[in-house]
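A.B. asks: Listed here are the chains, written in short residue letters.
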Amino acid sequence: MTHKIKTILLVDDDQDDQMLFREALSEADNSIVYQAAFNGIDALEKLNSSEIPTPDLIFLDVNMPKMNGIDCLKEIKKSRTLENIPVLMYSTSSFSEYTKECFEYGALDYIVKPDDYAKLCTTIKQILNSDLPFTTQNTPL
Amino acid sequence: MILIVDDIKANIVALKKILEIHNLECDAASSGEDALKKILKTDYSLIIMDVQMPGMDGFEVAEILAGGNRTKDIPVIFLSAINKEKKYISRGYESGGVDYITKPVDPDLLILKVKTFLKLYEQQNELKNIRDLLSKEIEIRKEAQENLELKVMERTKELLVKNEELELRNHELQQFSWVVSHDLKEPLRKIEIFIKLIKDNYLKEDPKALDYVNRTVNAAARMNKLITDLLEYSRLSSNVVPEDTDLNLILTEVLSDFDHLTEEKNASIKIETIPRIKGIPSQLRQLFQNLVGNSLKFSKAGVNPEIEITSELVEEKDFGSTVSTTGNFCRITVKDNGIGFDEKYLSKVFIIFQSLNDRNAYEGTGIGLAIAKKIVEKHNGLITAKSQVGVGSSFIILLPLSQN
Numbered sequence: 080m081t082h083k084i085k086t087i088l089l090v091d092d093d094q095d096d097q098m099l100f101r102e103a104l105s106e107a108d109n110s111i112v113y114q115a116a117f118n119g120i121d122a123l124e125k126l127n128s129s130e131i132p133t134p135d136l137i138f139l140d141v142n143m144p145k146m147n148g149i150d151c152l153k154e155i156k157k158s159r160t161l162e163n164i165p166v167l168m169y170s171t172s173s174f175s176e177y178t179k180e181c182f183e184y185g186a187l188d189y190i191v192k193p194d195d196y197a198k199l200c201t202t203i204k205q206i207l208n209s210d211l212p213f214t215t216q217n218t219p220l
Numbered sequence: 018m019i020l021i022v023d024d025i026k027a028n029i030v031a032l033k034k035i036l037e038i039h040n041l042e043c044d045a046a047s048s049g050e051d052a053l054k055k056i057l058k059t060d061y062s063l064i065i066m067d068v069q070m071p072g073m074d075g076f077e078v079a080e081i082l083a084g085g086n087r088t089k090d091i092p093v094i095f096l097s098a099i100n101k102e103k104k105y106i107s108r109g110y111e112s113g114g115v116d117y118i119t120k121p122v123d124p125d126l127l128i129l130k131v132k133t134f135l136k137l138y139e140q141q142n143e144l145k146n147i148r149d150l151l152s153k154e155i156e157i158r159k160e161a162q163e164n165l166e167l168k169v170m171e172r173t174k175e176l177l178v179k180n181e182e183l184e185l186r187n188h189e190l191q192q193f194s195w196v197v198s199h200d201l202k203e204p205l206r207k208i209e210i211f212i213k214l215i216k217d218n219y220l221k222e223d224p225k226a227l228d229y230v231n232r233t234v235n236a237a238a239r240m241n242k243l244i245t246d247l248l249e250y251s252r253l254s255s256n257v258v259p260e261d262t263d264l265n266l267i268l269t270e271v272l273s274d275f276d277h278l279t280e281e282k283n284a285s286i287k288i289e290t291i292p293r294i295k296g297i298p299s300q301l302r303q304l305f306q307n308l309v310g311n312s313l314k315f316s317k318a319g320v321n322p323e324i325e326i327t328s329e330l331v332e333e334k335d336f337g338s339t340v341s342t343t344g345n346f347c348r349i350t351v352k353d354n355g356i357g358f359d360e361k362y363l364s365k366v367f368i369i370f371q372s373l374n375d376r377n378a379y380e381g382t383g384i385g386l387a388i389a390k391k392i393v394e395k396h397n398g399l400i401t402a403k404s405q406v407g408v409g410s411s412f413i414i415l416l417p418l419s420q421n
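Protein chains in written order, with this note's numbering: chain A, 80 to 220; chain B, 18 to 421.
Treat the hints as calculated values from the structure; they're not laboratory data.
These numbers come from a predicted model, not from an experiment.
Treat each hint with caution, since some may be false.
Derived pair list, reagent style EDC-like, types lysine to aspartate or glutamate, alpha-carbon separation capped at 16 Å [claimed, not checked]: (1) B/Lys26 x B/Asp51; (2) B/Lys213 x A/Asp95; (3) B/Lys207 x A/Asp93; (4) B/Lys352 x B/Glu289; (5) B/Lys132 x B/Glu37; (6) B/Lys207 x A/Glu102; (7) B/Lys334 x B/Glu394; (8) B/Lys89 x B/Asp125; (9) B/Lys89 x B/Glu77; (10) B/Lys213 x A/Glu102; (11) B/Lys202 x A/Asp95; (12) B/Lys314 x B/Asp261; (13) B/Lys33 x B/Glu50; (14) B/Lys89 x B/Asp116; (15) B/Lys314 x B/Asp274; (16) B/Lys213 x A/Asp195; (17) A/Lys198 x B/Glu209; (18) B/Lys202 x A/Asp93; (19) B/Lys242 x A/Asp194; (20) B/Lys207 x A/Glu124; (21) A/Lys125 x A/Asp92; (22) B/Lys314 x B/Glu325; (23) A/Lys198 x B/Asp217; (24) B/Lys213 x A/Asp194; (25) B/Lys207 x A/Asp92; (26) B/Lys216 x A/Asp194; (27) B/Lys207 x A/Glu106; (28) B/Lys54 x B/Glu80; (29) B/Lys202 x A/Asp195; (30) B/Lys202 x A/Glu106; (31) B/Lys225 x A/Asp150; (32) B/Lys202 x B/Asp246; (33) B/Lys34 x B/Asp44; (34) B/Lys120 x B/Glu139; (35) B/Lys403 x B/Asp276; (36) B/Lys216 x A/Asp195; (37) A/Lys145 x A/Glu124; (38) A/Lys204 x A/Asp95; (39) A/Lys153 x A/Glu124.
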């Protein structure tokens with residue numbers, strides 16, 4: 080059973096990656112609302128305010144200033160209102176210690192940032208078409 | 018020198034004569050007090066003393082001598098004409114005398130006794146000297162030992178501090194190279210992504226621009242590979258616990274990674290059974306990946322690559338060591354029929370960034386063999402190569418079966 084993803088939040092301090100992601104996302108499905116946050120603190124502030132609609136999926140970069148992705152993930156999973164939002168870690172690093180930690184703290188998957196735009200489009204399409212983000216969810220958000 | 022103590026001069030003269038006939042040197046004192054004065058000044062080896070004397074008697078003199086450190090070992094023979102009773106004789110021994118002789122005296126027996134006591138005294142002195150020497154020697158050794166221990170302790174402490182410093186430096190360096198490699202990769206990834214976007218979206222109609230961009234893409238890819246290899250190299254320094262490793266399994270995996278290239282180059286690869294060793298699987302995989310990869314990479318144009326991996330147990334950590342089924346080292350040889358290299362460059366091939374070959378003909382970052390060497394060294398092993406230009410290369414690895 081697939082559930083339509085309407086809103087995605089990308090937390091990434093890298094402006095280029097934000098832009099590429101936005102373009103790839105609109106190429107995949109231009110009806111999806113794309114939201115951006117630029118570090119962990121920024122993401123938590125936006126998630127806890129009414130500034131943006133609650134996302135159906137969060138892409139979370141690992142290496143970021145102010146608050147990194149792993150700490151942000153911990154905060155999200157601690158929050159009663161946010162804990163059910165599926166989080167995909169999204170990083171250039173495939174360092175196994177990070178990935179292990181991310182899964183321990185409840186990330187749904189760990190995606191290494193593709194080094195090619197075409198691959199990025201494919202990856203995003205795959206994620207949007209899979210059941211994966213919602214397998215642990217009982218109710219659509 | 019013998020001291021004769023007697024208040025009667027005639028006795029002294031008589032005794033002196035007897036002793037001097039036998040070449041025994043004598044001195045004389047006419048009273049106890051006189052005797053003590055003389056003993057203070059001169060070292061006598063025997064005292065023959067009358068018992069009854071005006072003033073201080075012989076027993077008293079003997080008792081004083083027994084109390085002095087320097088004098089307590091001088092043998093005293095009492096010689097008496099009057100006090101012959103048992104109680105005097107007992108007193109004589111009690112006061113420290115070695116003998117008690119009563120008159121009349123047989124001169125021959127007296128000389129025998131005197132000589133015996135002189136000899137005993139001499140021997141005692143010798144023993145004492147040896148004992149003194151020994152205790153001095155012990156003292157010196159003890160001191161040296163203590164000094165040594167102190168020095169060792171100081172050195173150990175210094176070394177521990179140095180070691181800690183080195184570990185910290187090493188860690189910092191690792192961290193540094195990791196961060197550098199990582200941060201270098203980030204902008205490069207962007208260059209690769211955007212240049213490919215430009216290529217795919219805007220340059221389809223312009224062959225010249227396409228060529229330039231392709232060259233840029235290739236250069237970026239090469240740099241990416243270089244950074245990946247550097248990252249790998251810097252990561253090798255971290256400490257990992259060795260585990261039971263099946264090298265056959267690792268080689269099978271490595272070969273399957275090269276499936277495509279093997280097929281493309283129509284290569285044949287033969288592998289002998291290799292024993293299990295204690296090692297770090299991921300590093301050993303990297304080692305064989307680099308060696309087999311090199312053999313495939315540096316193949317001769319138009320010749321099907323033939324790679325042979327052989328293994329044998331040897332006794333010692335030496336490339337020339339004799340084969341032994343009970344040996345504790347494993348000698349693995351990766352042999353190919355590739356382009357080979359001049360052995361005068363042997364010392365260079367294992368050094369980072371020392372690629373011997375023309376980069377246009379053979380791609381390589383010059384890190385592969387440096388990584389291989391570092392991995393082998395991390396496993397307390399050795400690596401070398403034999404090669405001949407145009408004939409092929411053999412890379413020989415010596416790995417211990419267990420890590421202590």
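A.B. asks: Hint by hint, say whether it matches the structure.
C.D. replies: Going down the list of hints, with the structure as the test:
1. B/Lys26 x B/Asp51: Given that 16 Å is the threshold and the Cα spacing comes to 14 Å, the pair holds.
2. B/Lys213 x A/Asp95: This hinted pair holds, its Cα atoms lying about 14 Å apart.
3. B/Lys207 x A/Asp93: With a Cα-Cα distance of about 10 Å, the restraint between lysine 207 of chain B and aspartate 93 of chain A holds, given a limit of 16 Å.
4. B/Lys352 x B/Glu289: 12 Å, holds
5. B/Lys132 x B/Glu37: 13 Å, holds
6. B/Lys207 x A/Glu102: 15 Å, holds
7. B/Lys334 x B/Glu394: 12 Å, holds
8. B/Lys89 x B/Asp125: Roughly 27 Å between the alpha carbons, so the hint for lysine 89 of chain B and aspartate 125 of chain B is violated.
9. B/Lys89 x B/Glu77: Holds, at about 13 Å.
10. B/Lys213 x A/Glu102: 15 Å, holds
11. B/Lys202 x A/Asp95: At roughly 14 Å apart (the allowed maximum being 16 Å), aspartate 95 of chain A and lysine 202 of chain B satisfy the hint.
12. B/Lys314 x B/Asp261: 30 Å, violated
13. B/Lys33 x B/Glu50: 20 Å, violated
14. B/Lys89 x B/Asp116: Judged against 16 Å, a Cα distance of about 15 Å means the pair holds.
15. B/Lys314 x B/Asp274: Given that 16 Å is the threshold and the Cα spacing comes to 14 Å, the pair holds.
16. B/Lys213 x A/Asp195: Since the Cα atoms of lysine 213 of chain B and aspartate 195 of chain A sit roughly 7 Å apart, the hinted pair holds (cutoff 16 Å).
17. A/Lys198 x B/Glu209: Status holds; Cα separation ~12 Å.
18. B/Lys202 x A/Asp93: At roughly 14 Å apart (the allowed maximum being 16 Å), aspartate 93 of chain A and lysine 202 of chain B satisfy the hint.
19. B/Lys242 x A/Asp194: Given that 16 Å is the threshold and the Cα spacing comes to 13 Å, the pair holds.
20. B/Lys207 x A/Glu124: 29 Å, violated
21. A/Lys125 x A/Asp92: Measuring from Cα to Cα gives roughly 15 Å; hence the hint holds.
22. B/Lys314 x B/Glu325: This hinted pair holds, its Cα atoms lying about 15 Å apart.
23. A/Lys198 x B/Asp217: Holds: lysine 198 of chain A and aspartate 217 of chain B sit about 13 Å apart, inside 16 Å.
24. B/Lys213 x A/Asp194: Holds, at roughly 10 Å.
25. B/Lys207 x A/Asp92: Cα-Cα ~14 Å, so holds.
26. B/Lys216 x A/Asp194: 15 Å, holds
27. B/Lys207 x A/Glu106: Violated, at about 19 Å.
28. B/Lys54 x B/Glu80: Distance ~15 Å between lysine 54 of chain B and glutamate 80 of chain B Cα, so the pair holds.
29. B/Lys202 x A/Asp195: 14 Å, holds
30. B/Lys202 x A/Glu106: 26 Å, violated
31. B/Lys225 x A/Asp150: Measuring from Cα to Cα gives roughly 48 Å; hence the hint is violated.
32. B/Lys202 x B/Asp246: 12 Å, holds
33. B/Lys34 x B/Asp44: 12 Å, holds
34. B/Lys120 x B/Glu139: 27 Å, violated
35. B/Lys403 x B/Asp276: Violated, at about 26 Å.
36. B/Lys216 x A/Asp195: 12 Å, holds
37. A/Lys145 x A/Glu124: Roughly 13 Å separates the two Cα atoms, so the pair holds.
38. A/Lys204 x A/Asp95: Roughly 20 Å separates the two Cα atoms, so the pair is violated.
39. A/Lys153 x A/Glu124: Since the Cα atoms of lysine 153 of chain A and glutamate 124 of chain A sit roughly 15 Å apart, the hinted pair holds (cutoff 16 Å).
Comparing the model with each earlier hint shows violations of hints 8, 12, 13, 20, 27, 30, 31, 34, 35, 38; every other hint is respected.
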